Amino acid sequence: MNKRNRTLSSFIMHIMILLLILPLLVLVAWSFSKSWPWPNLFPREFGLRGILHVLDPSSRALKSLLLSIRLSLVVTIVTLIISIPAAKALGVYNFKGKQFIKMLVLAPIIVPPVAVGMGIHLTFIRLGLANRFTGVVLVHLIPCLPYGIRILTDVFEIIGESMEQQARVLGANSIQTFTNITLPLIAPGLISAGSLVFIVSFSQYFLTFLIGGGRIITFPMMMFPYIQSGDRMMASAYSMVFILATLVVLIMMEKAIKSYYSAKNYFYL
Amino acid sequence: MKKTIKPYIMLLPAMTIFFGIFVAGLSMTFLQSLGYFPAIGLREFTLNHYKEVLTDHGFLTSLRFSLWIAFVSSSISVVLGVLLAYSIVNSKHKKGLEEIVYKLPVIVPHVVAALLVYNILGQSGILARMAYALGVISQQSEFPALLFDKNGIGIILAYVWKGTPFIAMVVYTVLSNMNNKLSEVALNLGATNKQVFWHVLIPLTMPSIFSSFIIIFAFSFGAYEVPFLIGPTAPRALPVQAYAEYMNPDWSHRPYTMTINMVLTFISFLCIWVYYKIFKLLNKYNG
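Chains as they are written, first to last, in numbering that gives the first Met the number 0: chain Z, 0 to 268; chain B, 0 to 286.
A portion of the hints provided could be inaccurate.
Unchecked claim - Computed, partial: chain Z to chain B, Cβ under 7 Å:
1. Asn4
2. Arg5
3. Ser8
4. Val25
5. Leu40
6. Ile81
7. Pro84
8. Tyr92
9. Ile108
10. Ile109
11. Val110
12. Val113
13. Ile141
14. Ile198
15. Ile226
Stated by the list, open to error - In silico DSBU-like cross-links for lysine-lysine, where the CA-CA straight-line distance does not exceed 30 Å:
16. B:Lys276 / Z:Lys254
17. B:Lys102 / Z:Lys257
18. B:Lys279 / B:Lys180
19. Z:Lys101 / B:Lys276
20. B:Lys279 / B:Lys193
21. B:Lys193 / Z:Lys101
22. B:Lys180 / Z:Lys97
23. Z:Lys101 / B:Lys5
24. B:Lys102 / Z:Lys101
25. B:Lys5 / Z:Lys97
26. Z:Lys2 / B:Lys102
27. Z:Lys95 / B:Lys5
28. B:Lys276 / Z:Lys62
29. Z:Lys2 / B:Lys276
30. Z:Lys95 / B:Lys279
31. Z:Lys2 / B:Lys193
32. Z:Lys95 / B:Lys276
33. B:Lys279 / Z:Lys97
As the list claims (entries may be wrong) - Derived CB-CB ranges, DEER-like:
34. Z:Lys62 / B:Lys149: 35 to 45 Å
35. B:Pro37 / Z:Gly229: 35 to 45 Å
36. B:Ala23 / Z:Pro38: 46 to 56 Å
37. B:Val105 / Z:Met162: 28 to 38 Å
38. Z:Thr133 / B:Phe18: 15 to 25 Å
Think of the hints as simulated: they come from the structure by calculation, not from any bench.
Note that the structure is predicted; figures quoted are calculated from it, not measured.
Cβ coordinates follow ideal geometry from the N, Cα and C atoms, glycine included.
Throw the hints in and build the complete structure from the sequences for me.
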């Protein structure tokens with residue numbers, strides 16, 4: 000690669016990243032503004048009213064943020080627990096109907112959530128799952144499972160089964176094999192699958208709104224009316240808090256998994 | 000015997016969820032679209048709702064609108080995403096901040112992407128303010144209405160903003176894991192950078208570009224939030240239309256709603272199938 004090409008690439012890259020980031024900078028400016036009337040290019044006065052309102056312990060915002068985090072963590076854990084055996088079956092074994100199941104698993108990415116959500120809504124109401132935390136967790140599994148299973152299937156395809164068989168030959172029982180061999184080996188996959196699943200669940204609006212029936216109010220639902228009514232300051236403050244909360248949870252998740260498994264094995268990284 | 004059923008047992012929890020919620024939900028939608036809805040005493044199967052929906056002018060404009068948004072936004076995202084991934088790989092000396100920063104839009108929900116577009120393109124947004132400062136316009140209303148417009152420009156930009164980094168992330172992962180030797184061999188044999196890009200890198204990354212296109216296409220075709228927040232009231236995007244119909248208090252209207260949902264689902268699959276066929280055809284010619 001010659002030098003001129005490298006400079007050109009670097010230029011294109013910086014321009015594109017700038018274009019992606021600029022809207023977020025406008026968002027930051029709005030969330031710290033106190034008054035920003037037309038046609039000023041910059042806020043006339045800065046203030047923390049928006050952020051403070053979101054973080055005020057007495058406001059419903061903080062409560063729904065915590066509910067959102069709890070909900071998405073539960074969804075992430077359940078998704079990973081279900082995905083690990085499924086991904087291993089799809090990644091390591093050969094069996095009849097494998098191709099069909101692989102396609103079925105990815106189908107929720109293609110099928111619009113409105114179609115599935117509206118179809119299952121009445122059943123959830125009858126089963127007493129609608130308007131409940133459990134019901135929302137269950138319905139979040141639909142958009143989340145494809146990502147969990149897909150990423151972990153790739154991981155299992157790469158690592159195969161030989162390490163586990165070795166452990167079994169040396170006398171480890173199946174639980175020991177799983178915790179000491181399988182889990183550390185798939186730890187990097189767990190981090191990426193877990194992060195993506197968390198993001199998908201945490202950002203979910205429509206399914207939460209439909210199945211939660213206005214009782215389970217997550218953070219994206221809290222900010223929706225502000226965006227809809229065009230209250231830029233509040234909407235931006237909510238969004239800022241949302242983005243920061245996502246980052247914090249993702250970093251903590253990664254740290255937790257890494258520190259737990261790096262102590263135990265030598266293959267990882 | 001034990002060996003043969005093992006994978007099925009491992010798949011059982013996942014399949015319970017898939018059949019219990021996903022397949023069940025979709026089947027219910029399908030049955031209701033055929034007019035079978037025992038909850039309100041409808042038990043006769045009919046194709047009338049499909050006839051009604053498919054000849055309805057409002058439905059057809061919504062469909063065209065949704066397809067337009069999904070196709071244009073996904074295509075632009077793919078082009079920009081590949082360009083971004085390629086330029087990062089090409090200009091990189093060591094792992095920099097850029098590598099993390101460009102991924103930020105991936106963690107931002109679509110609801111917020113709509114807000115960002117609103118902040119920037121709205122008639123009191125940053126661009127309008129800049130135009131005013133430069134003297135291009137003298138009042139808010141002179142700035143073109145890019146939001147809530149019939150061409151869905153705002154919606155498309157929101158999806159492009161979300162889609163580009165997603166594509167870039169996928170392609171970048173493939174590019175950086177790819178064996179550099181292939182490009183070097185081609186360069187040694189006298190290929191230009193352009194030729195390496197089109198004949199080595201693009202064919203090798205094509206499968207992942209292809210599958211990520213499907214994901215963002217299907218998403219923007221079937222999602223509710225963005226068109227609801229910054230889209231026009233006429234034509235409405237199909238998912239927004241479907242939810243508006245779902246909210247109709249008259250339950251006998253339900254089969255009609257579910258027919259919209261089924262057509263939405265069917266077209267999602269159809270687009271993916273067509274795209275898949277084209278992809279295969281192209282691949283054949285690339286050898």
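> Looking at the structure, which of the earlier hints fail to hold?
Replying inline: Structure breaks hints 16, 21, 22, 28, 29.
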